[in-house]
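Asker: So you can see what is in the structure, the chains are spelled out below.
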Amino acid sequence: MLQPIITLVTDFGQKDHYVGVMKGVILGINRSARLVDICHEIPAQDVRAAAYVLFASYRHFPKDTIHCAVVDPGVGSERKALILKTDRHLFVGPDNGIFSMICNQEKEIKVYSIHTSKDLFSEISSTFHGRDIFAPVSASLSTGRACSELGKPVSKFVSINTLRPDTEGSVMKGAIIHVDRFGNLITNICRRDFDGFLGRERFEIAAGDRSLADIVKTYSDAPAGKIVALFGSAGHLEISAVMGSASGLLHLGPGDRVLVHRL
Amino acid sequence: MLQPIITLVTDFGQKDHYVGVMKGVILGINRSARLVDICHEIPAQDVRAAAYVLFASYRHFPKDTIHCAVVDPGVGSERKALILKTDRHLFVGPDNGIFSMICNQEKEIKVYSIHTSKDLFSEISSTFHGRDIFAPVSASLSTGRACSELGKPVSKFVSINTLRPDTEGSVMKGAIIHVDRFGNLITNICRRDFDGFLGRERFEIAAGDRSLADIVKTYSDAPAGKIVALFGSAGHLEISAVMGSASGLLHLGPGDRVLVHRL
Amino acid sequence: MLQPIITLVTDFGQKDHYVGVMKGVILGINRSARLVDICHEIPAQDVRAAAYVLFASYRHFPKDTIHCAVVDPGVGSERKALILKTDRHLFVGPDNGIFSMICNQEKEIKVYSIHTSKDLFSEISSTFHGRDIFAPVSASLSTGRACSELGKPVSKFVSINTLRPDTEGSVMKGAIIHVDRFGNLITNICRRDFDGFLGRERFEIAAGDRSLADIVKTYSDAPAGKIVALFGSAGHLEISAVMGSASGLLHLGPGDRVLVHRL
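In order, the protein sequences belong to chains A, Y and U. Using the working numbering, count along the first sequence one by one with no gaps and you end on 263. Using the working numbering, count along the second sequence one by one with no gaps and you end on 263. Using the working numbering, count along the third sequence one by one with no gaps and you end on 263.
Everything labelled a hint here was simulated from the structure, so no lab data went into it. Built from N, CA and C at the ideal position, the CB exists for glycine as well. A few of these clues could be false.
Said to hold, decoys possible - Computed list of lysine to any residue pairs in SDA-like fashion (alpha-carbon distance at most 25 Å, straight line):
hint, chain 1, residue 1, chain 2, residue 2
1, Y, K85, A, V242
2, U, K80, A, L35
3, A, K217, U, G13
4, U, K226, Y, K85
5, U, K217, U, V171
6, U, K63, A, I102
Stated by the list, open to error - Only some residues are given here: those of chain U computed to face chain A with a beta carbon under 10 Å:
hint, residue
7, K23
8, L35
9, S77
Claimed, not checked - Covered stretches of chain Y, as calculated for chain A (at least 3 residues, CB under 8 Å):
hint, stretch
10, 222 to 234
11, 247 to 257
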């Protein structure tokens with residue numbers, strides 16, 4: 001039988017025991033689970049960055065992969081814990097918008113609010129639901145337990161609106177949602193939104209004090225140090241510096257505006 | 001048959017080949033071993049932090065897990081190499097106190113000093129025992145070899161006393177043993193010690209220039225920026241800043257004092 | 001049957017989705033592949049450091065391991081994509097010299113230029129060949145596909161000459177190729193080159209403003225803070241500071257000269 005795959009996306013970093021503990025809990029419930037680290041260096045409590053990294057990764061994993069995502073500034077409060085089920089994947093994590101981009105992308109999604117009753121969990125701390133809820137639920141799903149057994153269907157859950165751009169007249173107002181290791185500024189503007197907004201019109205992209213009049217195909221299409229706009233590997237508009245860091249050169253980061261003017 | 005689990009805790013970081021080499025050596029001896037990274041970002045040569053991370057993680061792993069811990073400032077000197085055996089787990093690492101908190105926690109422990117004779121190891125370098133001793137011993141244990149075959153029982157081994165608090169009259173003198181990614185200051189005071197010392201008396205906790213008169217249940221029990229004391233997910237007293245870094249705000253780090261005054 | 005092992009060496013870091021995407025792609029093609037992270041924190045676009053880390057790791061892995069190495073400043077340009085086959089291992093990565101030290105070490109190597117035709121790959125982006133070429137080729141090799149099916153034999157490929165030292169009269173001119181986490185300065189001078197150059201003559205090693213007249217056996221052979229020369233765990237000459245960072249103390253880094261004078 002195929003070993004079930006459980007991926008992990010967290011902001012726990014790699015200098016502490018948090019990730020190791022989650023792995024131990026999962027293997028304690030299902031020793032045959034295959035653990036795949038996607039990313040543990042999400043900036044602390046940055047739900048938007050986690051939403052993007054999960055969105056950019058999940059579709060590449062095989063059918064029935066379980067994605068466990070824990071960036072959870074509201075741990076210990078009343079926020080719900082969720083399971084999402086699409087036709088190919090399962091997702092487990094807090095109800096704080098971390099799955100917003102999955103929801104924008106997928107058509108058929110069932111959402112469950114995880115039961116946190118005593119018969120499912122021995123003890124739930126108020127500081128580490130990665131260990132006490134999300135790891136055991138992911139592991140239980142990997143053993144074949146049904147979503148409906150672990151939670152009850154819900155229709156309301158948190159969505160982060162700023163993960164999609166606004167449009168006002170001839171301006172599309174986007175924002176930077178993630179800065180990658182190379183200093184590339186990844187925006188919330190996907191190609192479909194960009195093309196739908198512009199049609200065949202010309203455009204100008206404004207990022208910090210720069211104006212960009214075209215989209216290049218790859219980083220090496222321009223001389224070193226030049227600021228360029230391109231659609232990155234996950235299909236979102238990126239502002240990049242050839243052989244350098246756009247974030248450093250433009251002093252821009254998460255939340256900052258990137259505007260597309262239709263001319 | 002179940003694949004044996006070998007976890008890794010090191011201070012080797014992730015920019016070098018050291019971790020990869022250990023994994024290669026283990027898989028070369030036992031291709032069916034399952035490698036689980038707990039943590040490779042222990043601050044360089046910080047045996048105390050490694051002792052804490054191992055302590056906070058190990059109990060969550062299934063029976064027969066082998067924990068290989070390599071933070072080893074004394075590599076190349078005369079320090080012994082150890083195997084520890086409890087009723088559920090095996091531990092492999094240098095004799096420098098890295099297992100002190102395991103020893104405080106577990107009742108039945110057998111300790112073995114690893115034979116470093118020529119018939120077990122082809123060659124032992126003087127700089128990388130992770131590769132030359134700890135990885136091959138962990139892999140050999142995972143194939144079913146007995147501890148008594150790989151080492152000889154010993155009764156003396158290094159323990160770090162400062163991993164438990166001192167008590168003087170009405171003051172319990174604790175210390176910070178680990179600062180986590182979020183800037184939480186984790187002390188060597190566990191709940192059992194705290195409760196045993198205080199009984200039903202009131203208390204005041206002193207950390208840097210702050211005094212704290214109560215223990216909160218979770219980070220979100222206080223307004224952002226406030227310094228609070230709580231028992232963290234591994235059961236130790238932590239000083240935290242709500243939505244911030246206690247380490248940054250209080251200028252405290254590993255080794256600094258945290259006092260509990262009985263009033 | 002044994003699960004095939006695929007190792008990963010990249011400069012993608014761990015705060016983004018890039019590594020997770022590659023893992024998803026590999027598991028989508030071969031769910032039984034075992035993924036082993038060697039290193040993702042190669043300094044961005046530092047092909048030399050990647051060449052060293054791969055060289056220092058690969059030989060410890062079992063026969064038939066596939067090593068996928070992606071540090072790829074030329075992505076999107078005309079540079080070739082390679083498969084290397086030795087008698088024990090396979091290597092997959094860009095043609096930019098990343099395999100130079102493997103080629104210096106191994107005797108029998110066959111090199112293939114990967115076909116990037118439409119029938120092998122659905123779509124190849126211009127920014128992320130880790131996902132679009134190197135991951136799927138590694139996964140395909142792990143399912144048993146032949147090198148000759150995925151590429152055509154080539155005799156010319158890029159080699160980085162500065163990964164070996166030059167000799168001028170009585171001076172061997174080496175260079176630092178990697179600085180490890182502990183600040184050790186690892187040079188391109190291996191023991192064989194060193195011994196062959198010196199024979200039985202005395203020597204002086206010059207690194208920055210220091211002169212070193214002997215080779216120590218291990219870090220603990222000298223007092224704390226002292227700068228020493230030794231042959232590191234992968235067999236290369238290293239300049240180290242006992243209990244400290246040679247890189248910090250000598251202000252030296254990748255590319256800087258280390259000279260061996262024959263006296």
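Asker: Now tell me, hint by hint, if it's right for this structure.
Answerer: To see whether the hints hold, each was checked on the structure:
1. A distance of roughly 54 Å separates the Cα atoms of K85(Y) and V242(A); the hinted pair therefore is violated under the 25 Å criterion.
2. Only pairs whose Cα atoms come within 25 Å are accepted, and K80(U) paired with L35(A) is rejected, the gap being roughly 33 Å.
3. A threshold of 25 Å between alpha carbons decides the hint, and for K217(A) with G13(U) the separation of about 23 Å falls inside it, so the pair holds.
4. Restraint check: the Cα-Cα separation between K226(U) and K85(Y) comes to about 38 Å, which exceeds 25 Å; the hinted pair is violated.
5. This hinted pair checks out: K217(U) and V171(U) have alpha carbons roughly 23 Å apart, not beyond 25 Å.
6. Of the supplied pair hints, the one linking K63(U) and I102(A) is violated, its CA atoms being roughly 40 Å apart against a limit of 25 Å.
7. Interface hint at K23(U): satisfied, since its Cβ lies 5 Å from the closest Cβ of chain A, which is below the 10 Å cut-off.
8. Residue-level restraint check for L35(U) holds (minimum Cβ-Cβ distance to chain A is 7 Å; threshold 10 Å).
9. Hint status for S77(U) relative to chain A: holds, with the closest Cβ pair at about 5 Å, below 10 Å.
10. Counting residues of the stretch 222 to 234 of chain Y whose beta carbon lies closer than 8 Å to any beta carbon of chain A gives 4, which reaches the threshold of three, so the coverage claim holds.
11. Judged by the Cβ-Cβ criterion of 8 Å, the stretch 247 to 257 of chain Y is not covered by chain A as claimed, because only 0 of its residues qualify and three are needed.
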